[in-house]
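Taken in sequence, the protein lines are chains A and B.
Position 290 of the first sequence, counted from 1, bears residue number 390 in our numbering, the numbering being contiguous throughout.
Position 371 of the second sequence, counted from 1, bears residue number 471 in our numbering, the numbering being contiguous throughout.
It is worth saying that the hints were derived from the structure and are not from the lab.
Because the structure is a prediction, the values reported are computed rather than measured.
Errors might be hidden in some of the hints.
No distinction is drawn between identical chains; accordingly, a pair holds when it is met within one copy or between any pair of copies.
[Claimed, not checked] Only pairs whose alpha carbons sit at most 20 Å apart, straight line, appear in this in silico DMTMM-like list of lysine to aspartate or glutamate: (1) K186 - D200; (2) K104 - D200; (3) K169 - D292; (4) K191 - E248; (5) K191 - D249; (6) K286 - D171.
Protein chains: 2
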Amino acid sequence: MPDKKPHVVIVGAGFGGLNAARQLSEASVEVTLIDQNNYHLFQPLLYQVSTAMVSPSEIAYPVRSIFRKQDNLNFRLTEMTGMDPKNQCVKTSTGSIAYDYLILAPGGETNFFGLDSVAQNGIGMKNLDDSIAIRNHILKLFELATQEDDPLTCQALRTFLIVGGGPTGVECAGALAELIRLVLIKDFPGMDFSDTRILLLEMGDRLLAGFPEDLAERALKTLEQKHVEVRFGAQVTNYDGTHVRLKDSEEILTSTLIWAAGVRAVSVLDKSGLDQARQGRVVVQPTLQVPGYPKVFVIGDAAYLEVDGKSLPMVAPVAIQQAKLATRNIQHMISGQPLEGFQYQDPGSLATIGRNAAVAEVKGFKFHGFAAWLVWLAVHLFWLIGFRNRLLVMINWAQDYIFYDRAERLITPDGNPRTQDRPWPEDNAIVEEIET
Amino acid sequence: MPDKKPHVVIVGAGFGGLNAARQLSEASVEVTLIDQNNYHLFQPLLYQVSTAMVSPSEIAYPVRSIFRKQDNLNFRLTEMTGMDPKNQCVKTSTGSIAYDYLILAPGGETNFFGLDSVAQNGIGMKNLDDSIAIRNHILKLFELATQEDDPLTCQALRTFLIVGGGPTGVECAGALAELIRLVLIKDFPGMDFSDTRILLLEMGDRLLAGFPEDLAERALKTLEQKHVEVRFGAQVTNYDGTHVRLKDSEEILTSTLIWAAGVRAVSVLDKSGLDQARQGRVVVQPTLQVPGYPKVFVIGDAAYLEVDGKSLPMVAPVAIQQAKLATRNIQHMISGQPLEGFQYQDPGSLATIGRNAAVAEVKGFKFHGFAAWLVWLAVHLFWLIGFRNRLLVMINWAQDYIFYDRAERLITPDGNPRTQDRPWPEDNAIVEEIET
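Sequences are here, hints too, so could you generate the full structure?
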């Protein structure tokens, strides 16, 4: 009987899972990659879908296309529903899958910190559904505003609230400001834009907590130049779809709450039986193995590992570097060699705040303004998978840059239940809520 | 008191409404254009969205962008819900709109001819939701098939049924055949494609009823070369989601029924109080006025007019030419001149059946094969609104042509309730249905 090749199961086709699968292309293993979507999503540009800058297919790429030439890989479109590490199998919505080695790279999801009203009436920023829903929602509100006479309803329709001053919130606020003040202003010639507000709420006392402080200051100034109102020490406690209540009892009238204030490891891990640390992340050893289950590796947003006393950030470079180590350690285990520990090479930090403006820190060097924006552009284009996507995104960006235009201003169907029952097309809902 | 300009309300931003609005750009009137979508949809290419060839934003264009420079036009995103011709107003989901002149160009919708089971379990081909739903559905079924062992379920998953041998059905069948046999065959290397079937059912005894008979023969041959099974005299009587029943009691096992067998004027016209003829189309005089309501014009798919004893086809050229006449007649009425009657200039017929293959008839000249395909390509690119869309569609087509690839193979959220409860991700549903 010939030796059967070890079966490596990888859960998730994000940056971690994708790179793990690629690393194993020459290895003498059978790889099964599962994901609940048939595409790899370039999450750093989700906010550009939300702000009508690129189309969904420009930041998503079919998994099967990526792995067409990798003979030792099977893809299964299915959702992980749990696992049984004692019996070495992953449970999915289409049956159990047995593994010899498991790499869990299921990623993160929006963390509403138990604020049910926000989860129900706000919109997150972690997947394609969310982003399409935000785009549809914003464009619909402007349409509604043209047909609305009630001043309070108008105020709610034209106030856009973004919660969370990290890179996602900052980038989203900058892009939304430009969408409204450079593009939509041309689409709605009769409309008075002076009372259109974008608020960015941050609980702490500064933006971009992971960045050097002077760059955060730069980002704040740039946002303020774009008429984004940034508020610090602001904590949301409730949102009913039109009224946001803050901890200091202040109330803000808005039809839009975009929640960029928290991320956690995907909640299916809560049912995995594995030890979890903060944000639901699974505790791993420096080898990325789960204590007690040496054949289970966790990488990326789903893994909790401290390096120099600090937990690793939930960003793509961590996931990619961990993917390389996890696959190397699996090959070490197969060949009976000692395993290696994870060492993080921090490539720096980057955030863009719209046209010509970004902040970047690379190996101690700090950039801001146009130079940082060029760095940001180059890095993101380089990372986008596939020549075609790069070219199309470039066309959209060029059009946006040259013509102050956005190509993707379509209100298309979205599968997000949170936006299905929004006040459209019966616009009276808002008025009534405010009046009562 | 200065004279108030006459208010022309146009319902629908399809080919008819869009062109009517444009024609009035220099006229001394106020124009209100309403549509339930914020985009104009290039319907002739819907089947390319269904077959993952182009992305939705490449065949849809925001209405506000199109009319940015037209000062006398207001756009309202709203849905017509009825009308009151005696009091000269249109009812919408966001209130009533009074008009001096009304142009109804609301277009058509899928006609299921009262077959409720087909309406519920099949998918139409008349709007963007339908097309995205078809794309998602086809791609999901191939994913399901890789995880399915039951032979009967596999047979259902791999049988694709298109009903209707008109241009929509023929183009869809040709594009689907190429998607499967040129593209998906590379994405699913382990799969046996020999039992994948595409059936095109036509009730009559020939394809493309409006085309010359020899071109229809050509189309039939081309489809057969692409392994599409064409059946004539086949009439669907029931579809439960897995079993199609034909009038002769034959049963076909399929998870996919694409209904391209009928179109009717949008059903909101049934509540308009206006006289309707076949397919719910509103009877108009040669001037395009509604009898009894001289200030109401109906154009395009929604209008019923006979020319030389034949009703006009529901195609874009009719709508565009009627838009020109209706707006001219409104201006005649305003200036007190006699109205003109409609004369149709038939530009010919065109249908494509995939790579390098099309059939065309232009002013008595008949083309087929590569020459007709070039004509088709030129006409459609010329018609697509906006340079950008033309360029992007060209890139996608070129990629498809050169690399035998499809760029848009994403399963993304769709708003179609008919596909929300499809057997995914719990795949047992089909098996159980077949076993019982």
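For each hint, the structure was consulted:
Taking CA atoms no more than 20 Å apart as the test, K186 paired with D200 passes inside one copy only; the shortest distance there is 12 Å, against 76 Å between copies. When the C-alpha separation of K104 and D200 is checked against a cutoff of 20 Å, the pair qualifies only within one copy, where the shortest distance is 11 Å, while the shortest distance between copies is 80 Å. Taking the shortest Cα distances, K169 and D292 sit within 20 Å of each other only across copies (18 Å), while inside one copy they are farther apart (55 Å). Taking identical chains as interchangeable, the C-alpha atoms of K191 and E248 lie at most 20 Å apart only when they sit on different chains, with a minimum of 16 Å there against 50 Å within one chain.
For a Cα distance limit of 20 Å, the shortest separation of K191 from D249 across copies, 18 Å, qualifies, whereas the shortest one inside one copy, 53 Å, does not. In the homo-oligomer, the alpha carbons of K286 and D171 lie at most 20 Å apart only across protomers (12 Å), although the nearest pairing inside one protomer, at 51 Å, exceeds that limit.
Of the numbered hints listed earlier, not one is contradicted by the structure.
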